[in-house]
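Asker: Please put together the full structure from these sequences, using the hints given.
Protein chains in written order, with this note's numbering: chain X, 1 to 326; chain E, 327 to 585.
FYI, nobody ran anything at the bench for these hints, they're computed from the structure.
Owing to the predicted nature of the structure, the values given are computational and were not obtained by experimental measurement.
A few of these clues could be false.
[Claimed, not checked] In silico contact screen, one side only, chain X against chain E (beta carbon under 7 Å); selected entries:
#  : residue
1  : Asn194
2  : Ser195
3  : Arg196
4  : Ile197
5  : Lys199
6  : Ser203
7  : Gln206
8  : Asn207
9  : Leu210
10 : Ser212
11 : Ile214
12 : Gly215
13 : Val216
14 : Asn217
Note that beta-carbon positions come from the ideal geometry of N, C-alpha and C, so glycine has one too.
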Amino acid sequence: MTVNRNTRIAAVVAFLAIVFIAVPVAISASGRFDLYYTLTSVALLSIASAGVWLTFYIGRINIGQGAYALTGGYVSAILVMNHGWSFWLTLPVAGLFCAAASVLIGLPILRLRGVYFAMVTLVLTEVARLLALALPITNGAKGIVSIPLPGALSVFGITLIPDFATLQNSRLAFYLLAVTLMVVCFAIMYRLVNSRIGKLCQSLQQNEELASSIGVNIAYLRVIAYAVSSFFGGVSGAIFAAISQSIYPSSFTVTDSVNFMLNCFLGGLGYVFGPMLGTLVLYFGWDLLFQTGQFQLLIYSGLMIVLMLVLPNGLLSLAEATRKKG
Amino acid sequence: MAEMLEVSGITKRFGGLVAVNNVSFSVREKEILSVIGPNGAGKSTLFKLISSFLRPTTGEVRLKGERISGLAPHIAARKGVVRTFQETTIFKNMSVRDNVIIAHHLRSKASLFGFFLGTGTAKEDEAAFGQSADEILALLGLSSLAHEIARNLPHGHLRALGIAIGLATNPSILLLDEPFAGMNHDETMRMVEMVRRLRERGLTILLVEHDMPAVMKISDRLVVLNFGQKIAEGTPAEIQANEKVIEAYLGSEDEAIGL
Numbered sequence: 001m002t003v004n005r006n007t008r009i010a011a012v013v014a015f016l017a018i019v020f021i022a023v024p025v026a027i028s029a030s031g032r033f034d035l036y037y038t039l040t041s042v043a044l045l046s047i048a049s050a051g052v053w054l055t056f057y058i059g060r061i062n063i064g065q066g067a068y069a070l071t072g073g074y075v076s077a078i079l080v081m082n083h084g085w086s087f088w089l090t091l092p093v094a095g096l097f098c099a100a101a102s103v104l105i106g107l108p109i110l111r112l113r114g115v116y117f118a119m120v121t122l123v124l125t126e127v128a129r130l131l132a133l134a135l136p137i138t139n140g141a142k143g144i145v146s147i148p149l150p151g152a153l154s155v156f157g158i159t160l161i162p163d164f165a166t167l168q169n170s171r172l173a174f175y176l177l178a179v180t181l182m183v184v185c186f187a188i189m190y191r192l193v194n195s196r197i198g199k200l201c202q203s204l205q206q207n208e209e210l211a212s213s214i215g216v217n218i219a220y221l222r223v224i225a226y227a228v229s230s231f232f233g234g235v236s237g238a239i240f241a242a243i244s245q246s247i248y249p250s251s252f253t254v255t256d257s258v259n260f261m262l263n264c265f266l267g268g269l270g271y272v273f274g275p276m277l278g279t280l281v282l283y284f285g286w287d288l289l290f291q292t293g294q295f296q297l298l299i300y301s302g303l304m305i306v307l308m309l310v311l312p313n314g315l316l317s318l319a320e321a322t323r324k325k326g
Numbered sequence: 327m328a329e330m331l332e333v334s335g336i337t338k339r340f341g342g343l344v345a346v347n348n349v350s351f352s353v354r355e356k357e358i359l360s361v362i363g364p365n366g367a368g369k370s371t372l373f374k375l376i377s378s379f380l381r382p383t384t385g386e387v388r389l390k391g392e393r394i395s396g397l398a399p400h401i402a403a404r405k406g407v408v409r410t411f412q413e414t415t416i417f418k419n420m421s422v423r424d425n426v427i428i429a430h431h432l433r434s435k436a437s438l439f440g441f442f443l444g445t446g447t448a449k450e451d452e453a454a455f456g457q458s459a460d461e462i463l464a465l466l467g468l469s470s471l472a473h474e475i476a477r478n479l480p481h482g483h484l485r486a487l488g489i490a491i492g493l494a495t496n497p498s499i500l501l502l503d504e505p506f507a508g509m510n511h512d513e514t515m516r517m518v519e520m521v522r523r524l525r526e527r528g529l530t531i532l533l534v535e536h537d538m539p540a541v542m543k544i545s546d547r548l549v550v551l552n553f554g555q556k557i558a559e560g561t562p563a564e565i566q567a568n569e570k571v572i573e574a575y576l577g578s579e580d581e582a583i584g585l
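Answerer: If you want it as structure tokens, here you go:
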């Protein structure tokens, strides 16, 4: 047990050292500053994917995370532009707004299972896009542009985070912000899954009838999990809007929703860190295949199919298999 | 003996079909009462009505005088009416022990958020659940299988695990849905023993069952349904001598009612 614990602590320390120290050092040494943007995207997408993963964990196929990411982006953008809020305040508000919306949406639709839930959530992304096009407050297809960079965050006069606009390297700042949030988000997920709540979620995934027969309020638990999931979606969308300094109805589409889901599949639905690894591999995999030109999509989809056939439990199941052999 | 569960005038209609028609009976404390009847007699519907998985069209179910029909299943479970399932319904991908631990849900004092934070109460709960789960597993002869993944268990043990899950909720009355279905003679006898042991621990048991010999052996009283109606109620001896019951099981009466 103690050995196990020590290796776990070592793994966490190593991971933190890599993302907070090794990566920035390597990037400044190689001068590939564009990688910051890529890695920031990976971190943010993995937060949204983590949310999707959580809905998988209660036995629901969620292809609607794009809707919450889009909503989160707009909430943050509108509050900053129209109401002059600080970005830092809009970040949790965007998450909470999405969580609240997901409770209202989730109450009826979470009663559906399997492919029915999946279809409704798929439509949800499209509904969010159409709403963004139609509503006056979202400014239609023109979207919301030239959103200012996040300002300084001070508490009691102490500046915790400097104004991004004054920074020489705002890309590094965004990278650190995204990675920090990713670490926090996955720490929350890890704790959720390894506490009794995780077991309860599993009980929902495996048999809802039995779960309710032992006194689990399945409707309540489902909504809670979905709200946490949507909170993550909203937060990641809000930061995306801040980085690109713009948000359009097409910022998050059905393709993104599908990708969030694929990230979970690829990493492994049985592993908390599955969505993180899945996002990284999928994002870079797509970029690497760029050189194949017109065959990019073909090769990419072919590889995905093969991976799912060979590794139905995701990439992380490889690690477990080798551990068992060793 | 005091009355634990009271079913009064319960009716369930599905469109034009009356699955259960004005059935009344009561279950006394620490009693083993079986509901029997030919196929399609409405046993399963009655079972679901009592466990609140279905809402009755008319009539009601009372537990210790408190109305429980029409509540959500998890609330009925909280009040003390807990069912097992006919199929081998378990949490397939969890270990046997985890299946039983999770079923202690109703006993938890800590909130969900408490479990997330790992508060003292949550830790106490976890420890207590683990201990209680081990006791229940020992009682049902599952100790040696505690760390097995549930889906790998053989049939008889799966059924026992189903009962272990029910027990973990600490019910006032445990409803067993065909606990002997698909079992051979030895397995049935073991299960009969197990159910008796539960009663000795002070549990009230209502079971719905096909297997007549087992039911006759185990029950204090029986309720017989046919075409949704109660046609008889009484001790095993009374039921075996009842004309209406023999008629309902016509053709196979000797074997079917265990004479």
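Asker: Could you run down the list of hints and mark each one as holding or not?
Answerer: Hint-by-hint comparison with the structure:
A least Cβ separation of about 10 Å between Asn194 (chain X) and chain E goes past the 7 Å threshold, and the interface hint is therefore violated. With its C-beta approaching chain E no nearer than about 5 Å, Ser195 (chain X) sits inside the 7 Å limit, and its interface hint holds. Proximity of Arg196 (chain X) to chain E holds as hinted, the smallest CB-CB distance being about 4 Å (cut-off 7 Å). Among the interface hints, the one on Ile197 (chain X) holds; its C-beta lies about 6 Å from the nearest C-beta in chain E, closer than the 7 Å criterion.
Annotation: Lys199 (chain X) was flagged as interfacial toward chain E, and the flag holds, the nearest CB pair being 5 Å apart, inside 7 Å. This hint holds: Ser203 (chain X) has a C-beta 5 Å from the nearest C-beta of chain E, less than the 7 Å allowed. About 4 Å separates the beta-carbon of Gln206 (chain X) from the nearest beta-carbon of chain E, less than 7 Å, and the hint is met. For Asn207 (chain X), the interface hint holds, since its Cβ comes within 7 Å of a Cβ in chain E; the closest pair sits about 6 Å apart.
Residue-level restraint check for Leu210 (chain X) holds (minimum Cβ-Cβ distance to chain E is 5 Å; threshold 7 Å). Nearest Cβ of chain E to the Cβ of Ser212 (chain X): about 4 Å, under the 7 Å cut. The hint holds. Interface restraint check: Ile214 (chain X) against chain E, minimum CB-CB distance 4 Å, threshold 7 Å, status holds. Restraint check, Gly215 (chain X) versus chain E: the minimum CB separation of about 4 Å is within 7 Å; hint holds.
Checking Val216 (chain X) against chain E: minimum C-beta separation of about 5 Å stays under 7 Å; hint holds. A least Cβ separation of about 5 Å between Asn217 (chain X) and chain E falls short of the 7 Å threshold, and the interface hint therefore holds.
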